[in-house]
Structures are given as structure tokens and as C-alpha cells.
Amino acid sequence: MIGYYISLAMRSLRGTPILSTLMIAAIAVGVGACMTVLTLNYMMSQNALAHKDDVLYAVQLDGWDPNEAADTPNELPWQLTYQDATALLRSDIPTRQVAMHRFGFTVTLDESEMRPFTAEARITTADFFGLFDVPFLFGGTWDAAADLSPVQQVVLSKATNDKVFGGEISVGKTINLNGEPFTVVGIIDHWDPSPKVYDLNNSPFAESEEIYIPFGLHRKFEIFSWGNTNGWSHSNEEGYEGFLQGESVWIQYWVELDSAAQKEKYEEFLTGHIRQQKEQGRFQRPLKFALSKPSEWLVLNEVLRDDNRVLGWLSLAFLLVCVVNAVALLLAKFLRKAPEAGVRRALGASRNAIFIQHLIESSCIGVLGGLLGILLSLLGLGGVRQLAMGKIDQIASMDWLMVLAAIGLAVLASLLAGLYPAWRISRTNPSIYLKTQ
Amino acid sequence: MFELKPMLSALWRNKISALLIAVQLALTLAIVSNATVIVQDRLEKMARPTGIAVSDIISVTFMPVPVNYDMAGAVAADLELLRNMPGVVDATVTNQIPLSGSGSASTYFTEPNQEIGGENANYYQTDEHFIDTLGLNLVAGRNFTRADFDVIGPNDTYEPRVAIITQKFADVMFPGEDAVGKYFYSGGDGEPREIIGVVERHLGAWPSWSKAGQVAFYPLLVTGNHKRYLIRTEPGQRDTVYKQIEEKLAERDPQRVIHLDTLSKRMAQSYISDNVMVKVLSAVMTLLTFIVALGIIGLTIFWINQRNKQIGVRRALGATRANISRYFLVENTLIAGAGLAIGMAAAQVINHFMVNQFSQPVLSIPTLLVCALILLGVSVTAALVPAIRAANISPAMATRSV
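Protein chains in written order, with my numbering: chain C, 1 to 437; chain S, 1 to 402.
Derived from the structure by calculation, the hints contain no laboratory data. Built from N, CA and C at the ideal position, the CB exists for glycine as well. Treat the hints with caution; some may be incorrect.
In silico contact screen, one side only, chain C against chain S (beta carbon under 8 Å); selected entries [what the hints assert, rightly or not]:
no. : residue
1   : THR108
2   : PHE117
3   : GLY179
4   : THR183
5   : ARG309
6   : LEU329
7   : ALA388
Construct the entire structure; sequences and hints are all you get.
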């Protein structure tokens, strides 16, 4: 029966080409606009660490200006000072813990024609790879000792290894960073979480870093952050050591706590640390710290911005207009075919049968509109990619879930649009039409 | 003369279809008017004057490879070379690139040793060529001289003695007064910085910052592991000069990595989200209006087909073509008018939500009215073609199938 209804529907669509095209176009444009915006919002709302959402926490401490709270949604500075980060690293409570920040090095090779280039770097403790589940292709991370003392070792991204060593296993080889030799200890596989949940300070949709360097090299290279450095205290101590021991926040800090008991213990540890610092005259604000799960961290950092939400709502309203439009057009079309339905009713078709037949006709329009809508949203996403100048290439693309959602949305919209017209036509009295014929 | 009574009773019989058109127009008005204020707001934001000769400026960032590098010497030699290149007006060294979205800011006070109640300003460490290079307009005081210029290491403690600030920052720090010759201070600090000049305008590092335009400049070079230059070219020469810069700099000193950009590109990148908002919303508005217009055309054609016979009878009874067309146009105007009236209320409600939840701009009544009028025009235009066609129905239709 359904097959028959579908063939009836296709015949009926061909019978009124202009109205049918208008309806399909309305649904297609509605779905296209909606899916363009919803895909962007959906991709921006991804949590690459969802599988570890219950065990990972971003750490924030309130050591900010006694006169004024930090200018963030939870009034805690996003990052830690170097002195607090190194103090927290001494705790053995977390299963893993990462202190890190963004940096950059010039990369050169001895006896090579390769043009020097600047590599985006992450200065981090060795737990980074385990904590964030970064897969290694070859080798592994540096010894934990390298996080405390200057050891010139480096982990390369797959792309960097391809670029510098032509993809060969370069573990054990040497590259020069800022003119100093570093030994390659590992090469990670392609790893590019988007949004970049582990570092939302530096454009959340940027690619992940090209090289990874141990945390113990700050003093040797006098490393400053290539991300945000925020300060409130002007009491400058002398030299680079003064900067390290100062109140500027520039270190991002994550911990892995596998159980509630472990988390409680760590909270006690943080409280103890702050109390101890208060005794030394630091942390003059009320005692406050925060441990945020990756999902909470994404919300706190407003990765999905107000602008995106506005576009989301507007595009849904747009789809609503398209649905109302389709209702009006379907009503017109069905009423025009009322005599046909009258004849079918007279020949014994039930009201239900007429209703179902017309609903199927609307969903055919929905499927066609949905398919066209997917093409339109691909165009739309292409347009947005262009407008964003390559900044959001990773997120302006549809996955299969979004393609299914597009078709689902289109069928839902057209079923909704078809409901009233189909009901209306199934209720008409057949005798009127039989008389006039 | 508008045959309102029969029209209303005819409409009442087709109330669902009429209602559907009215609802479409109401929703459309609510969306379009709210989108319009956002677009207006963003366009105004992007059109703000920067005070900078953006389209003639090239930015250079370079990082030397060797560990012990004579940064001060390299900067002096590079600037000498750049300033002497044909097509180059001037060049300067800077810690950050204006309008690029990255920069430094600090809190400043009008009295020494204060810690609360300061004003924020974006600051630049540059040299006496920055006014010419950026194309700024010095409105009071004097430019830096070579004697003001200092070179320090990245970890040296240092307090600048002189500064040039923007008019906007001057107005914030010293409202209603002449800022030249006044002193200002870094927080908790007693070292005075003398304001020696005021430039008319410089939008600073972050165009979206609430304090954009509050900027201070210091004559200072902090040596570090990377440095930046800004180069202003003769109008129209930018792209020619751009191609030569990397080669010239590499020729002088190959031991470094050089990155070039145009300031236009950096500024466009800073405005990406505004630009995306404007383009996407404009596309939505256009498509929406188009879809609604198509819907109105479709429905009007359908109605007229339904009423072929009625039209034929009216024509046979002496109604002119103009009467018939007018009937459908007035009918359309009635429906559209009702829908747009509802839409105006809906637009206000939605705007309230947008302002409170998403900090978007407030919708003004004139904007709302203009949007409503435009949609009314679209609706009537959409009904026009079918209405004129209706007038061509021959009176013979009336007698055909009775």
C-alpha cells in the first residue's frame, strides 16, 4: 500500500510542478539554513574529552588582586602562576597532572637544506599525553625527571615529523630549536581535538601544537608564554626569576582524579596550599578554587558564543516560517485535488486511508527537500569557511550524524506541515465533488 | 469603494489560508527586524575609523635562530634597510601589531601609588617613526625623539619617562583638560610618565574590546626572542613591496624565520565573527523574504484559480479589470497588514529576549516600521502579478460550466 501511495504522491507532485517546486524549495532552504547554523553550533559544542569527563579537572586558584575579582565568569583567573603550578606539581594525589602553556620555537636541522620555520610548541609536563589520551606512533614521552630539570628532548606531531624528517622514524635524531639541539623521543599520531578543550585561551579552534617540550626548560631558555599572561601586581622583582616567582598567571593546569575520595583528598590539598600561601601574605582574597570537568570548562569558557546561539534560534525560526509556508501551499494543493479524494472516498477508501496517503505525499516533499537542503547546507558551510578565513575549517563540515539529522529535520518539518492539510482533505464530504462532476 | 464587506466575508471562509499568510509575515517581520539591528550594529562597529592607514601597511614578525642574537643591532639595521626601500614611506619597530587581536594592556592612574580606580589602556613599545608609519594624526604636543628611545632586556626593570597617548585615553584620564605635560602612573608605583603628545585616534589591539581606542605608546625596544616591524608603503605600492621584503631581510641576515602579513588581513581576521554574523544574517533575511514572497504568489494564484467563476460573474456583471485586480491587492494588503501588526509585537518580544539573554542591540521603532513597510511592499508586489492575471479572466468563464 505504501508503495502505491508513494507512486501516487510522485504522480501528484508532477501534476502540479510549480506548487511542488515551491514547496520543495521552501523546505530545502529552511533545512539548508538551519543545518548550516546547527552544524556549526554542534561542532563547536563537541567535547573531545567526553570519555574522561568524570576524571579530568581544570584547576583554578584565586590568588588574584585583593581589591578586585578576576574578570572571568567564575571570578577566578583562568591560569595559574608559575610558583603555584610548581607547588601543585609536588602533590602525588592526582593520578596524572599537567602544567603547560603555549610557546614557539624556530626549527632548524644541521646539514640540511630545510628552510627554518617557527613551530607552535606546547611546554608541558610528561603526563600530558596520558592525561589527554594522545596516541603515540613511535617512541614515547620524556622521563618525568625532565619536567624538573633542563633536559632537551622533544615529542613531534606526525605532521612535523613528515615535514622535517620526511615521515621516517626519527626517534633518537636531533633537531635544533631556537638554535639548541633537542633529541626526538617520540612522535604522536594525528591528534587534533576541536574545540581545543585543553587550551581554550588561545583560539579554541586552532590546530594542536607541532612540537611538545618538557616543562623543566623555563630558566634555561627564559621562556615566556605565547598565550595570555595576566597580572595585577606591579611589584616587579628583578629578572626572569622575578617573573617566575611573581603573580602573573600564565600556566594552564589539569589533573586526573579517578575517584570521589581522590578528588576530596585533592581538594583538601588545594585548601592546604592556599592556607599556607595566605600565611606568607599571598592569596589575600577569600579562599576559593575550582575544579572544572571538561564539559564544564567548555561552557565556562563560552566556546559556543552568544552570537552562535542567536544564529541557532534565528535559523530555527526561519525553518518555522518555511513550515508555515509549506502548510499554506500544501493546503492549496490538496484542496485542488479534493475532487480526486472525493472519488476515492466514494469508492470505499476510509478517512484514515486518505489521511495517510496525503501525509505520505508530504513526507515525499520532505525527503526531496531534505536532500536538496543538505546540498544547500554544504554550500552554506563552504561560505562560512570562506568568511572565517580558514579559522574554523575543522568545524565547518558535516558528519554523518548531521546528514541524518538534516533528513530527519526535513521529514519532520514536512510531516508537521502536512498534518493539517491532510486532515482537512480527509474530512471533506465526497458528495459535493461527486455532484459537480 | 474597496468592497470591504464582501471581501471580509470571503476571507472568513478562507480564514486558514489567510491566517497562514499572516503568520508567515508576522514571523518574518520578527526575524528580519531583529536581524537588521544586529547587522546594523556590526556594520557600524566594522566601519569605525581606526586612525591607521590600514590598507598601506605591512607587518613583519621575525624570530632569530641563534641563541645569542644582537636584537638591538638587528632592529636598527633592518629598519635602516626597510626605510630605504623604494615605495616605502616609513617603518617602525613594535611589540605588537595593531588591530591584530593580540597585544598588551595595563592599568594606569593619575596619582602615584594608587591601587584601585585605574583606567585600562592598550600599550605599545615603539620608536619615533610610529606616527608616520601608522599614518596617525598628532593633535597636541610633540613626537618622540631619538633621545627618548631606550633599549632594555626582557627581564630588566624599567619605567618609561615619556608617553604619547590617544585622545580617547586622554579624555578618560584627564576629562576636559589638556593632557600634554600631565603625568600618569602604573599601579602601586610612584614613577611619573609624562604625556608629551596626543594622537587623534588609534583603535588598539582588540577592536571588540570595550575600551578599544584607549592606547599609550612608549619609545622603547625590549629585546626578546622575536620582534615585529610595521612598514607603510606609498598608496598602491603595498603588494609590490610585500614581495621584496622577505628576500631583502633574509639577504641581510638569513639566520631567522620571517612572517609577513598585511594589516588589512589582520584587521579582517579580527572582525571575522562580526563579518560572519553580517553575511549569514543578510543571507537569512534575503532568503526568508524570497520564500515568503514565493508563498504569497503561490497562494494568490491558487485562490484566483478557485474563484475563476466568481471573477467571471463579476466581470459579466460589469466589474472592470481594475476592479478585479484591486480586489485581490486590497485583500492581500489587509492580510499582510494584520500579519505585520502581530509581527511588530512579536519582534519586540523577541528583541527583549535577545537583549537580555544574548546582549544584542535594542530594536528601535523606526527600524521596525521600515522593516514592516518593506515587507508590506514585498507582499503587495508578490500579489501584483497574479492579481493582474486575474483581471484577464474572461466574462465567458461565468457562463461556461454552470
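What hint numbers does the structure not satisfy? 4
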